[in-house]
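Residue numbers (the UniProt record's numbering), protein chains in the order written: chain G, 1 to 558; chain B, 1 to 558.
Don't read these hints as lab results, they were simulated from the structure.
Do not take every clue at face value.
BS3-like, lysine-lysine: derived pairs with alpha carbons at most 27 Å apart [said to hold, decoys possible]:
no., chain 1, residue 1, chain 2, residue 2
1, G, 267, G, 49
2, B, 456, G, 208
3, G, 211, B, 294
Over the 10 Å line for every Cβ pair with chain G, so calculated as not near, a few chain B residues [what the hints assert, rightly or not]:
no., residue
4, 41
5, 147
6, 155
7, 269
8, 278
9, 386
Where is the CB? At the ideal position from N, CA and C, for every residue including glycine.
Number of protein chains: 2
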Amino acid sequence: MADAATDAMAAVSLSDDLEPATSRTSIRSILANGAARAGERVVVGGWVKTGREQGKGSFAFLELNDGSCVANLQVLVDAAVHPLARLTTTGTSVLVEGELKKPPEGTKQCVELRVDRVLEVGEVDSAAYPLPKTKLTLENLRDVVHLRSRTNTIGAVARIRHQLAYATHRFFDENGFLYVHTPIITTSDCEGAGEMFQVTTLFSHAEKVEKELKENPAPSESDIEAASIAVKEKGDVVAQLKVAKASKHEITAAVAQLKVAKEYVSKLDERSKLKPGIPRRDDGTVAYENDFFKRQAFLTVSGQLQVETYACALSSVYTFGPTFRAENSHTSRHLAEFWMVEPEIAFANLQDDMNCAERYVQYLCKWLLEHCREDMEFMAKNYDKTAIERLTLVSSTPFERISYTKAVELLKNVTGKKFEKKVEWGIDLASEHERYLTEVIFKKPVIVYNYPKEIKAFYMRLNDDQMTVAAMDVLVPKVGELVGGSQREERLDVLKARILDAGLPLEPYEWYLDLRRFGTVKHSGFGLGFERMILFATGLENIRDVIPFPRYPGRADL
Amino acid sequence: MADAATDAMAAVSLSDDLEPATSRTSIRSILANGAARAGERVVVGGWVKTGREQGKGSFAFLELNDGSCVANLQVLVDAAVHPLARLTTTGTSVLVEGELKKPPEGTKQCVELRVDRVLEVGEVDSAAYPLPKTKLTLENLRDVVHLRSRTNTIGAVARIRHQLAYATHRFFDENGFLYVHTPIITTSDCEGAGEMFQVTTLFSHAEKVEKELKENPAPSESDIEAASIAVKEKGDVVAQLKVAKASKHEITAAVAQLKVAKEYVSKLDERSKLKPGIPRRDDGTVAYENDFFKRQAFLTVSGQLQVETYACALSSVYTFGPTFRAENSHTSRHLAEFWMVEPEIAFANLQDDMNCAERYVQYLCKWLLEHCREDMEFMAKNYDKTAIERLTLVSSTPFERISYTKAVELLKNVTGKKFEKKVEWGIDLASEHERYLTEVIFKKPVIVYNYPKEIKAFYMRLNDDQMTVAAMDVLVPKVGELVGGSQREERLDVLKARILDAGLPLEPYEWYLDLRRFGTVKHSGFGLGFERMILFATGLENIRDVIPFPRYPGRADL
């Protein structure tokens, strides 16, 4: 084979040369400098948003978008340069070269491209193209998740999402936090509750066994019996030869035969244990010792507990990664896979935690206003008139801070508005209550703190009143809860009692308790649901539209 | 309950007040300004690396580390301030306040902290502490993954890892790339091969069914028969009443009874189908329609195919996230869960791809030299003398570029060195070949391009010679292959043929083919194994030491 290949090599000329690199200019950079770039020669690539022939087919205008910004570049192509009909269909890709020109007075473009060379074209059969010119609803676009990034809305969301992720890393780096990659596959359950996805290789393991058994069925009992008899016979032969003082050569040969027979029996024994299906122990439970990690493993619901191990060593850390819930939720606010930002700070109490959350959220809002203005204007124009106002308000207004007890008191005194869920001290505040606090009562972000311990997780620090824990939620207009955090229980004995109170076993948390056994520190942290932040920023209504590839019950396209 | 809680509320004073925030100063910022800060009052928190009483127990020196840098702050505490024995044990946490002073002449510290208040202490029982003063090996530290971040080495790795992640986001943002979160749970298989982890809720589904059946066994056939007879009887009663022209009231009541009986039968029918174990179809295959996504789902092995959908709309994108391999590898170079950086660029050929990879790798090296100098010096001193040299070389030397055919030629002509695997045109280069090229022949990074199509994936662009594809690998000293990339096949017909040639079905790739059907563009991308990059930078030998929570066969701690 290798020789054949070498011969073939000699026969053809193998590619050693490389095409020269493309020096493409992004539309964003062209439009940012506007008319000042007139006269410059550029190569531009993108997809045609709309194209129209004009001047009786003597030239065409293309609105070209390359995803670098929401705006299109107007491109003018002469019929002499390229057959126009092949360029004007929506969705067509082109790589073109030409000169930037100031367009005629009175047009809205600040600059346009006069093409003199069409370098590449990727055509589109408009009848088959899944994105028709008539606008699809966001809901319909979810069925063409592989093409929807070509729409203005999903493109704008992608740029806003990028800027929010980037601003997150900048904020934490500027403040001395280290980014820690907490595990996706975990054998811990953060909340002691919550539906988790299981990660396994047992199905492929079972498939392999089943395939093997099909090709080569398990031995029957009589197969094994026959093989055992053979062993006995070979053994007898050896014994007889020894008694008969046979030659060394003869005995060695017989012993070798006995060995082969014995090996065959043990192989049959082994194979007789192979069973189709998921391996089970004698008591009927799944034999996870056959799984990849030799135990049950799950997809993480939060990196918090793990990131605490880094905070209790490196002081200020954060994790930003995917988290998972196997809940059968079909709402516009839930995903099976979503991204979370979770900072964790040593030597920090609840007040420090709130300060950090407030500064972080404000930083994000300000960042978007400064770095994503056009996309925000697009969202404001098409989806939520108040989107920019909201960012401005949140970025510039100190957050109100009230205790849970105070919040309940305020909500109980509300007149002229009936909540679906009655407000009583001890309830978990519902979205309607949270939004009323931030949107109606305070008209700005509100941090509610010191929640009843019964409705919060075991790791939150018990307050001196013995009834509340040092938890806090940041509530913002439009989405309600955006951030949830707490000071963590750093006292070993209290933490143990809280784990047991929650009905959980201590053993799986021994490593977590070790952080309190050895050099424990007060520490605090919070989680921000990244998609919630994007909903808050964009004003979009459905979380499935702000993540590139949404996963929810029954759907995991691509 | 709510009332009881309200009463209790009245009885205790609930916490409305918050502790004042801690204004802690990081050791990094203190040491960065050194002696210039003498005279300043600060609060510092950290963990004691070593502590020793001096002056016959009248004071103690603590070497304090807070993870912000590899260096410790020297802290001096008087016996009058705090019982010294409680502070000096390795691993003890302290939050202390005091004044920064210039230490006596001749000591190596540039500044030290004279403590006048000890605010918090987290003690350690040194006999029980899993990190003894005598250094544990990196291998032993893997058994205390929750505490190992307190060691100098793992702390330095965490800071280097952070800087590499941060530099990655900076590089791509500066170059107009958008960060796209590709899915973790996927129903596509990127390579058409590779062992994948399955994601499922079928085990918890089976557990629920089994529990339910235990509490309430499935109906027997005679139960169902009896219930069916009851339906017949109730039906007869209705019929008879109708014949007898009974009152509307009587008939309605009988119909209602019949309805109840029918519902009972259908409930029994339903329950009789409940079977313990994983649900199976009639043909014995697993009934994935009962799984969360109503089909088989897996953990991603690469975000490339999905991120291409964004590149073919937004031009320059990248993904940076966890990827998974369920391979039974116990080597020092493989993990079941690891992070990958995967840029994807539209309107870009293989040359553009190489340019991007070279600039990115150089940017990372330069970034570390500028932002992680002390940690790099620590690694050079303790693990790999050449680590800093290597970064300097790679950041400042243009990468050699040679075709695969040329590389094979060079390796075949090597004398005085025998490779374990014989070099022939057509083989997949092994690590020994890759390292020889970069370490011995060129003594700098090498990009090998245009590989035989047989050893590369279907999506790589077929060259005109019909024998090679436009693939490229970046090889660097110490680790060999650091980056693998290619120009993608943008021609619909060629791509289809390549999929079929690879023995794969077309149907699962229809969405991927759509990118070529509608406005196709030349595009290219690559993947950088993030942990490989850290191994390359630090000179460490085992990949399990450069990820916070390593996952490999049989191990998924925490």
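Here is how each hint holds up against the structure:
For the given pair, residue 267 of chain G sits about 67 Å from residue 49 of chain G by alpha-carbon distance, which is inconsistent with the 27 Å threshold. This hinted pair checks out: residue 456 of chain B and residue 208 of chain G have alpha carbons roughly 26 Å apart, not beyond 27 Å. About 24 Å separates the Cα atoms of residue 211 of chain G and residue 294 of chain B, which keeps this hinted pair within 27 Å; it holds. At roughly 16 Å, the least C-beta separation between residue 41 of chain B and chain G is larger than 10 Å, which holds for a residue marked as non-interface.
Non-interface call for residue 147 of chain B relative to chain G: violated, since the shortest CB-CB distance, roughly 7 Å, does not exceed 10 Å. Taking the minimum C-beta to C-beta distance to chain G, about 6 Å, the non-interface status of residue 155 of chain B is violated against the 10 Å cut. The claim that residue 269 of chain B is not at the interface with chain G holds, since no C-beta of that chain comes within 10 Å of its own (minimum 24 Å). The Cβ of residue 278 of chain B does not lie farther than 10 Å from every Cβ of chain G; its closest approach is about 6 Å, which violates its non-interface assignment.
The beta carbon of residue 386 of chain B is kept farther than 10 Å from every beta carbon of chain G, the shortest such distance being approximately 26 Å.
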